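Residue numbers (my numbering), protein chains in the order written: chain D, 1 to 327; chain B, 1 to 504; chain Z, 1 to 351.
Hints are computed from structural coordinates only; laboratory data are not their basis.
Here the structure is a predicted model, which means the values were calculated and not measured.
All C-beta atoms, glycine included, are put in the ideal place defined by N, C-alpha and C.
Hints may contain errors.
[Stated by the list, open to error] Non-contacting residues of chain B with respect to chain Z, defined by C-beta distances greater than 10 Å in every case (computed):
#: 1; residue: Glu319
#: 2; residue: Tyr335
#: 3; residue: Ala356
#: 4; residue: Lys364
#: 5; residue: Glu372
#: 6; residue: Tyr439
#: 7; residue: Pro460
[Stated by the list, open to error] To spell it out: a stretch of chain Z is covered by chain D in this simulated footprint if at least three of its residues, at any positions, have a beta carbon under 8 Å from a beta carbon of chain D; those stretches are:
#: 8; stretch: 126-135
#: 9; stretch: 163-176
#: 10; stretch: 198-210
[What the hints assert, rightly or not] FRET-style restraints, in silico, Cβ to Cβ:
#: 11; chain 1: D; residue 1: Lys118; chain 2: Z; residue 2: Ala317; range: 42 to 48 Å
#: 12; chain 1: B; residue 1: Asn129; chain 2: Z; residue 2: Val333; range: 39 to 45 Å
#: 13; chain 1: D; residue 1: Lys118; chain 2: Z; residue 2: Phe150; range: 39 to 45 Å
#: 14; chain 1: B; residue 1: Glu8; chain 2: Z; residue 2: Leu276; range: 51 to 57 Å
#: 15; chain 1: B; residue 1: Arg381; chain 2: Z; residue 2: Ile209; range: 50 to 56 Å
#: 16; chain 1: D; residue 1: Asp83; chain 2: B; residue 2: Arg133; range: 42 to 48 Å
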Amino acid sequence: MKSYMKATVAVLAAAVMTLSACGRGNDAASSGDGGKSNLDIALVSKGFQHQFWQAVKAGAEEKAKELGVTMTFDGPASETEVDSQLQMLQAAIERKPDAIGYAALDPEACVPLLDQAKQGDIPVVEFDAGCNSKVPVTICKTDSKTAGALAAEHMAQLINKKGKVAIVGHSQINSTGVERRDGFIEKMKKDYPDIQIVDIQYGDGDHLKSADIAKAQLAAHPDLAGLYGTNEGSAIGIVNAVNELGLQPGKLTVVGFDSGQAQIDAIKSGVMAGAITQDPMGIGRCTIDSAVKAVKGESMDDVQDTGSFWYDKSNVDSSDIKPKLYQ
Amino acid sequence: MSQLLTVEGISKGFPGVQALDGVNFELDRGEVLALVGENGAGKSTLMKILSGIYTMDSGRIAIDGDEVDVNDPKVAQKLGISIIHQEMNLMPHLTVAQNIYIGREPRTGPWLRDGELNRRTKQLLEGLNIHLRPSQVVGDLTVASQQMVEIAKALSYDHTKILIMDEPTSAISISETQVLFGLIRSLRDRGVGIVYISHRMEELRQIADRVTVLRDGQYVGTRRMDEVSDDEIISMMVGREISAGYSSRQDVPAHTGELALSVRSLSTKKLLRDVSFDLHKGEILGFAGLMGAGRTETARALIGADPVSGGTVAVNGKEVRISGPEVAVRLGIGYLPEDRKRHGLMLEQDVAFNVAMASLSSNKAPLGFLREGRARKVTDRFIKALRIKTPSSRTMVKTLSGGNQQKVVIAKWLARDCDVLIFDEPTRGIDVGAKEEIYKLLNDLADEGKAIIMISSELPEVLRLSHRIVVMSQGRVTGTLTPDKADQESIMKLATQNIEDVAA
Amino acid sequence: MTTQRAEDLADAGTQSAPGESVAAEAARSGRFAALGQGLQQVLAFGTLIALIIVFTIASPKFLTITNLSSILLSTAVIGILAVGTTFVIITGGIDLSLGTAMTLCSVVTGLLLTDAGLPLPLGVLGGIAMGALIGLINGFNVAVLGLPPFIATLSMMLVAQGLALVLSGVKPIYFTTVDGFSKIALGEIIPKVPNAVLVLFGLAILAGIILRKTILGRMTYAIGSNEEATRLSGINTRRWVLAIYTLAGVATGVAGVVLAARLNSAQPQLGVGYELQAIAAVIIGGTSLLGGRGSILGTVIGALIMSVLINGLRILAIQTEWQTVVVGLVVLVAVFADNLRKRRAEGGGHR
Ligand SMILES: Nc1ncnc2c1ncn2[C@@H]1O[C@H](COP(=O)(O)OP(=O)(O)OP(=O)(O)O)[C@@H](O)[C@H]1O
Ligand SMILES: [Mg+2]
């Protein structure tokens, strides 16, 4: 009995500590220069620790400040925690904000909750990834299939439109993982028949796992011409694999996705040929903007593509690309 | 009419050990057959074969003249064979009732009927004169009470024809033994055949009709109890002449009078009230009492294994605070627990590992390295000295016979060389010959100047070995006797004192 | 130590006078005991060899120096975690905080080496010290507060995860400015053998010696076999549990440093799930979750089995989903085989 109580206290203490760790992400924009408009917007993201989400958050905060609305930004510790994200969404609905911005981790699990939001008359806009629901009025995202095709286009050019290519994916479930992969494959099939996609494996975006996967792929196919990593972790895994195997920079064409210091370094050093970046700050801005419009009842396109961009050694420092690279 | 049970030529080998080698015996209806033999002779193994736990390598078993194949405990149950195991097989987290009727719970469809279960159990326990509540959790009970639950369980099968009891009294006290004997007699009169295993001669005299002796897995012979003397049985068991149990009592006082341990007003929240006694160097202080009198609790409180609510302890005249067993051992006080399986042994480790446990800290090389070679040598010495029957010091303790496991616990504490040793039921499950050796050992330790507390439920043993006897009842010391003034009667009177006070 | 061996008893035979020839028997059975002790490891080692043979036949790309080197490197981090947690599991405990605690250690190393600009050895020691501290706290919660290990380390898993994110500011910490840091994992003192692998083997040998030859190891087995009996033998079990968890924490710290060195960065979001892989490796290696039984050699072989298996499946381009299924099945089979072996050894004719 006694030890049971002790256990409970310990768990609670741990939970509080973890929550306070998460909490630091939330408070930044909440004060704003409030007063002008009292709109309260709750963003529930797929994550908050990854640089990408930090950039989305920064963009959103920027826009929130500009429009004079208050916002919160929440997300689970890892992108596999569908359940805890749903709890965050639930909590957001119960708070009764003026609008909710939501990025779905799982396209089905969120459906009943969004219905609940609708019953509560809370307009929902989506960002990055959608839910299979009619409730949201719009989505601000990178069109991942287009982005995947863009990666394929550059990869094909770089390897002279022929040879073997493999993919290190980050998820076979979530929509960005699937669409970035499918956009890439479809483009190759359609336009570059001499390029053969020999293997696709998934490393959950874990740097270590992705490195081991890339090494195994290189062992199985020593004549591999190109490797495509569908997110930052996967791409860096490939870079690590190349470094660990001591391959000559450029011998293997590495195409990455997203940005981050390590990827930028790899591009500058030549280990990575180039990568696709999105405009996460643009996503953030678009989300807040749309949310405010939704509250006012203005109409918007169903999908707002915030764009995807190829960057390599030549343009990595350009004023076009630089703001879109999230560190 | 043919014999109730006929067993012929049973053999059973374990890897490297021939536990049984062509054993025969017969059991009649309405008979109590004693089965005796030294520790490791194969008694438990034989009974486990009869109850379907082990399968025999060769041999023949017939019930009512029909050959049967007891290859599973379920089959044994169907044939009317029940067993009370030497090592208890209860589930500590379940209640008394749940343990007794495990697998046979009264139910309606998928729903358990707890009320009915407890009612049935209550009836059974009352009929057996066992004072336990059906809803008590078995893990909270003392060893003795657990043993009574085992007995109740074995007797709860209505159609039992053959009842096997493997040392059922080793953990219970005289009064419960008498209750048990009453039960055995009534079962016998109903025609049940009973195999009774024990190392206590005086019990066999009371209850058995015939006795079968095993030695080293072999059948030695069967005699009628009223035609054979104790010495004859013992020499059949050990294969040579020794006489047991007739040496005289201790001289009083034998010790120098130097205090080793002095306990004043020791109390615990649960049971103990103002327990005080002195222990001198060179003295064997016996502790007698009924089960639950607080003897084990006194020992555990003394060494800091259980929390204390008041009282003082002085070692060699200096007051000390003993916050845990490690402090007790550092002060030279060792405790041999009564429940060897739960508190004394690491069953899955080998003999040397167990023997070394208490003396590790005093026997290590720099950097915390173990002195394995030395530990094995010490173990081998004790294997010889205590005649522990084991293939080697590397044998897993679990596979030793019950009595030999007990010897391993004793060896562990002898290896530590403590000044004060508390033996809690040290001869439980130990055969007659080995008992004599342990008695001699206790005497030798006392002669060396060690102070010894011996808790025992066997009054003859207490009377014979102790220089003084502390009698406890319901958590209090009700008297201290010298052996010249003590006898079974005077001890029992003190042991039941408080109870009578309350009743009056 | 705990396995009951046929060989061990083989010479004993029936004894007419027990005790008289015991010393001689002990001497004779000694050589068998050493052999028998390793039975589980032999079994695991056999599995490992079998896997290597199967994959070699299935793909000519498997058995190359480069790929073997990759396999060894991929064993390092999980292997180091597994070696440390073997101690905890032998005491009958479990440590769920391994993965995130490792991450926290790599973050601490990162901060010490980049933000604080400490010299390399100090940063490394700092990461290891962090691991020891986490282990100490786990040990305190288990031994002194009496919390069940599962709960104590579950809460630590969350605390460590949170702290890693807080301390790093939710950003990776790069070691690009710290010269030679990645050499800790990727340098090759022995050609084709990355240093991370040497760290693993060095640590494993040390841990093996501690477990078999020192009092700390003895206490690990004793507490796992019967904690109450250990306590009543006059041993301060709390102190030893504390020491054992701390030791496991040191290994976690080492894993954190090696991980950071291999990635040349501290990734604060990594680590969840690594604890289960480490525990799986320990179990495949024949260590019992019930406590009292296990070995470091087994654990190392278990970790190698896991990485060989995963690498082989990847080379054969088996779908990622199926890889997971196969690894799960291997854990199941390992535990089942161990049970079977144990039942045979003990039961005699038991059915
Ligand atoms: N499961 C087992 N594996 C190996 N050896 C065993 C096993 N069970 C019993 N033995 C051995 O068989 C022999 C007979 O053991 P058994 O338990 O039948 O003795 P016992 O007569 O009941 O002794 P005690 O009076 O001490 O209870 C012993 O040498 C013992 O070590
Ligand atoms: Mg027996």
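Given as non-interface: B/Ala356, partner chain Z, CB spacing beyond 10 Å: violated, 8 Å
Cβ distance range 39 to 45 Å for D/Lys118 and Z/Phe150, holds or violated: holds, 41 Å
Non-interface label on B/Lys364, tested against every C-beta of chain Z at 10 Å: violated, 5 Å
Cβ separation check - B/Pro460 to all of chain Z, threshold 10 Å: holds, 26 Å
Verdict on B/Tyr335 as a residue remote from chain Z, using beta-carbon distances over 10 Å: violated, 6 Å
Given as non-interface: B/Glu319, partner chain Z, CB spacing beyond 10 Å: holds, 20 Å
Outcome, coverage of the stretch 163-176 of chain Z by chain D - at least 3 residues whose beta-carbon is closer than 8 Å to one in that chain: Holds, because 8 residues of the stretch 163-176 of chain Z bring their Cβ atoms closer than 8 Å to Cβ atoms of chain D.
Claimed coverage, the stretch 126-135 of chain Z by chain D - three or more beta carbons nearer than 8 Å: violated (count 0)
Pairwise beta carbon distance, B/Glu8 to Z/Leu276, judged against the given window 51 to 57 Å: holds, 56 Å
Range hint 39 to 45 Å (beta carbons of B/Asn129 and Z/Val333) holds or violated: At roughly 52 Å between Cβ atoms, Z/Val333 and B/Asn129 fall outside 39 to 45 Å, so the hint is violated.
Minimum Cβ-Cβ distance from B/Tyr439 to chain Z exceeds 10 Å: At roughly 18 Å from the nearest Cβ of chain Z, B/Tyr439 sits farther out than 10 Å, so the non-interface label holds.
Proximity test - 8 Å, beta-carbon atoms, the stretch 198-210 of chain Z to chain D, at least three hits: Check failed, 0 qualifying residues.
The structure is inconsistent with the numbered hints 2, 3, 4, 5, 8, 10, 12 and 15, although it conforms to all the rest.
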